[in-house]
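Asks: Single-letter residue listing:
2 protein chains.
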Amino acid sequence: MSKVLIIGAGGVGRVVVHKCAQHPEIFSEIMLASRTKSKCDDIVADVQKATGHPAMQTAQVDADNVPELVQLIRSFGPKMVIHVALPYQDLTIMDACLETGVHYLDTANYEPKDEAKFEYSWQWAYQDRFREAGLTAILGCGFDPGVTSIFTARAAKHHFDEMHYLDIVDCNAGDHGKAFATNFNPEINIREVTQKGRYWENGQWVETEPHEIMEVLNYPNIGPRDSYLIYHEELESLVKNYPTLKRARFWMTFGQEYLTHLRVIQNIGMAGIEPVKYKGMDVIPLEFLKAVLPDPGGLGENYTGETSIGCRIRGLKDGKEQTYYIWNNCSHQAAFDETGAQGVSYTTGVPAALGAAMLLTGEWGGAGVFNVEEFNPDPFLDKLGEWGLPWQETVGADLEL
Amino acid sequence: MSKVLIIGAGGVGRVVVHKCAQHPEIFSEIMLASRTKSKCDDIVADVQKATGHPAMQTAQVDADNVPELVQLIRSFGPKMVIHVALPYQDLTIMDACLETGVHYLDTANYEPKDEAKFEYSWQWAYQDRFREAGLTAILGCGFDPGVTSIFTARAAKHHFDEMHYLDIVDCNAGDHGKAFATNFNPEINIREVTQKGRYWENGQWVETEPHEIMEVLNYPNIGPRDSYLIYHEELESLVKNYPTLKRARFWMTFGQEYLTHLRVIQNIGMAGIEPVKYKGMDVIPLEFLKAVLPDPGGLGENYTGETSIGCRIRGLKDGKEQTYYIWNNCSHQAAFDETGAQGVSYTTGVPAALGAAMLLTGEWGGAGVFNVEEFNPDPFLDKLGEWGLPWQETVGADLEL
Numbered sequence: 001m002s003k004v005l006i007i008g009a010g011g012v013g014r015v016v017v018h019k020c021a022q023h024p025e026i027f028s029e030i031m032l033a034s035r036t037k038s039k040c041d042d043i044v045a046d047v048q049k050a051t052g053h054p055a056m057q058t059a060q061v062d063a064d065n066v067p068e069l070v071q072l073i074r075s076f077g078p079k080m081v082i083h084v085a086l087p088y089q090d091l092t093i094m095d096a097c098l099e100t101g102v103h104y105l106d107t108a109n110y111e112p113k114d115e116a117k118f119e120y121s122w123q124w125a126y127q128d129r130f131r132e133a134g135l136t137a138i139l140g141c142g143f144d145p146g147v148t149s150i151f152t153a154r155a156a157k158h159h160f161d162e163m164h165y166l167d168i169v170d171c172n173a174g175d176h177g178k179a180f181a182t183n184f185n186p187e188i189n190i191r192e193v194t195q196k197g198r199y200w201e202n203g204q205w206v207e208t209e210p211h212e213i214m215e216v217l218n219y220p221n222i223g224p225r226d227s228y229l230i231y232h233e234e235l236e237s238l239v240k241n242y243p244t245l246k247r248a249r250f251w252m253t254f255g256q257e258y259l260t261h262l263r264v265i266q267n268i269g270m271a272g273i274e275p276v277k278y279k280g281m282d283v284i285p286l287e288f289l290k291a292v293l294p295d296p297g298g299l300g301e302n303y304t305g306e307t308s309i310g311c312r313i314r315g316l317k318d319g320k321e322q323t324y325y326i327w328n329n330c331s332h333q334a335a336f337d338e339t340g341a342q343g344v345s346y347t348t349g350v351p352a353a354l355g356a357a358m359l360l361t362g363e364w365g366g367a368g369v370f371n372v373e374e375f376n377p378d379p380f381l382d383k384l385g386e387w388g389l390p391w392q393e394t395v396g397a398d399l400e401l
Numbered sequence: 001m002s003k004v005l006i007i008g009a010g011g012v013g014r015v016v017v018h019k020c021a022q023h024p025e026i027f028s029e030i031m032l033a034s035r036t037k038s039k040c041d042d043i044v045a046d047v048q049k050a051t052g053h054p055a056m057q058t059a060q061v062d063a064d065n066v067p068e069l070v071q072l073i074r075s076f077g078p079k080m081v082i083h084v085a086l087p088y089q090d091l092t093i094m095d096a097c098l099e100t101g102v103h104y105l106d107t108a109n110y111e112p113k114d115e116a117k118f119e120y121s122w123q124w125a126y127q128d129r130f131r132e133a134g135l136t137a138i139l140g141c142g143f144d145p146g147v148t149s150i151f152t153a154r155a156a157k158h159h160f161d162e163m164h165y166l167d168i169v170d171c172n173a174g175d176h177g178k179a180f181a182t183n184f185n186p187e188i189n190i191r192e193v194t195q196k197g198r199y200w201e202n203g204q205w206v207e208t209e210p211h212e213i214m215e216v217l218n219y220p221n222i223g224p225r226d227s228y229l230i231y232h233e234e235l236e237s238l239v240k241n242y243p244t245l246k247r248a249r250f251w252m253t254f255g256q257e258y259l260t261h262l263r264v265i266q267n268i269g270m271a272g273i274e275p276v277k278y279k280g281m282d283v284i285p286l287e288f289l290k291a292v293l294p295d296p297g298g299l300g301e302n303y304t305g306e307t308s309i310g311c312r313i314r315g316l317k318d319g320k321e322q323t324y325y326i327w328n329n330c331s332h333q334a335a336f337d338e339t340g341a342q343g344v345s346y347t348t349g350v351p352a353a354l355g356a357a358m359l360l361t362g363e364w365g366g367a368g369v370f371n372v373e374e375f376n377p378d379p380f381l382d383k384l385g386e387w388g389l390p391w392q393e394t395v396g397a398d399l400e401l
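Here the protein sequences come in this chain order: A and B.
If you count by the working numbering, then the first sequence holds residues 1 to 401, one letter each, in order.
If you count by the working numbering, then the second sequence holds residues 1 to 401, one letter each, in order.
So that you can see chain A by itself, here it is in the shape it has in the complex (with noise of 0.2 Å):
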């Protein structure tokens, strides 16, 4: 029974609220907040609905700002914030836990504004603070980092002696009916999928041109698809904490529409993170490009087709070759008929929540800042399917890869 303050309204948030709040056993009294207190209260009254429980609150609240969120905090008391507003508010909230003695979770690396720039090493740099304290961070508890890193996480504890090759896929074949929008926040989309693709290879990082590399992939029920090697923020933590892995590389599906308007869209000079001068003001492209493309959030109506994101692995058990395929398909339509969000927004928010829960439950826990392959991956996995993201594994399959 415990108080947890969830910070961000988009998709995503309203999916963490739906999930925290079917399960009132563990959250007790949920509070809302973000920038536009207006956002929360829609979603709020729409999960009261849902779900009838008994205890819900929203605020407005700068999440760049340490004292309004030492503030906030302090005049809910929550025991723990789940952070799913944007990355860059990783460290202002980190902060403001620190001061206030609340456990965090996010669900993607701090980036800094001004640069693309993926990696952990600010987040990892609150180690001794967060240790200290006795506090509990959870860094990248969403779908991919998150679920991808609790998959590996089994099969290094289930099915591997050593894992040699990790592959992680994931394919979105859903079909939202727009000439183009992203499936979560176009800035950080965008500048995740135009920069250089790199993957971990015989101790070092290989780095490549944008979709350099591509294969032709297989999903389950879902068929082939054009699959590009990208770089994403949890080969980062998983090389270091599996440091047998000789390689892990990590593919995400784009069509080649998609691919047209990214690339317009470079060429235009709309990805752009430096200020431009418009009648005298700054205006950052990529962040008024935000503005202008559709609201990932209001994609869900219409969305039809699923999503599948998994973890092919090779390596030796038992002093034996061994493959390993585990995986999740979820349905855009199914995600947005529970909790009025897409499939994107569903497959973050399920695991935000269901880490949270962990944390609460006495699961998951110490002091310190944790990637969540640290963590025991069996409780979560017994849950995810009740939470709704079942399944499904395969030893010994072919891999393609």
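One or more hints might be untrue.
A pair holds if it fits inside one copy or across any two, identical chains being indistinguishable in the list.
List time: in silico BS3-like cross-link candidates among lysine-lysine, alpha-carbon distance up to 30 Å [stated by the list, open to error]: (1) K3 <-> K37; (2) K178 <-> K290; (3) K240 <-> K37; (4) K317 <-> K279; (5) K178 <-> K117.
I should point out that these hints are in silico values taken from the structure, not numbers from a laboratory.
Starting from the known structure of chain A, arrange chain B on it as the hints suggest.
Replies: Same frame as chain A, now just chain B:
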């Protein structure tokens, strides 16, 4: 020996200043004014070096502001204004000319900022006022509109008794080496080429979807190019002034990459002219796109290839079927070497300067508002080659269209 005020310091303004300064016997004193005086200073310094013109100056002016324009015109005392700033500013500059008693010339019809509507109605409405003031307003004296209309006037005067079919064909076979850039103000260019197509047939306008009609046309010294039927403003006055025309169309070449970029720009909402909220400010997507895209005035260097623009006409002469093709080809590199501006600016700026010379030397004139085909084409076309845009014609050619 007259004073001329040139307003607008983009690529076209640069060419106009060059061309006027090359003819000090007509343009004895030249002032260049724009919102940003430093741009004027740069151009005038270059032109003074190239031509040695003895009486050039610059000024700052906001061409949206009639009292400011009036004050500048009164203080300098020009005989005419050459307006090569933005088409949004046609009416304010015409108002200022009326108030101060000076002649007016522009290169593109007025359009309101808040709707993409290309028509002469607003400017034709000044007919009575210019007539009563005894002043001349010359509308659309660039290349197209401008030379294309004068080509048509030459055809009507010397080669046809009745013109029936007019096709204006505009090919830019240049390569500026950028992933995407527009050859003139991107805001105007994108408004123009993303609108629906329209052509005149049998006494009425026929509308098409944007880029619905394409023909592969051959251009002199260039070869075949995909050419798309678009609406272009000179059609409106030409079908009015040549009522025997059964059909009048305008074709422009676009490469596949250019069209892909345009399509994406529209898909992502960056061609929009309605303000979008960004950090509490109103930002117009298309205006901001202009700020992000390469400055067309800076495309000159390394711009290779050439433009080819002309009129293909069929009709009757002495009771027999007649065909006629008249065109100019312009090299981007030659234009840049002479003026520091690329071919699209050059082909617009030369006719503006020459049209002004026609007015100041008394070859053209009269009280009222005129489209250029209403003047005698002969003295203009006699000089056009010498001023930098040599033209050719063939009578009886196979026209493709």
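Asks: Which holds for K178 with K290 at a C-alpha limit of 30 Å: within a copy, between copies, both or neither?
Replies: both (15 Å within a copy, 25 Å between copies)
Asks: As a check of your reading, is K3 near K37 (CA-CA no more than 30 Å) within one copy, between copies, both or neither?
Replies: Within one copy only: 19 Å inside, 62 Å across.
Asks: For the identical chains here, do K178 and K117 meet the 30 Å Cα criterion within one copy, between copies, both, or neither?
Replies: This pair counts as both: shortest intra-copy Cα distance 29 Å, inter-copy 27 Å.
Asks: As a check of your reading, is K240 near K37 (CA-CA no more than 30 Å) within one copy, between copies, both or neither?
Replies: Classified as neither; 40 Å inside a copy, 58 Å across copies.
Asks: Using 30 Å as the alpha carbon limit, work out where K317 and K279 are close: within a copy, between copies, both or neither.
Replies: neither (64 Å within a copy, 55 Å between copies)
Of the numbered hints given earlier, the model fails hints 3, 4; all others are met.
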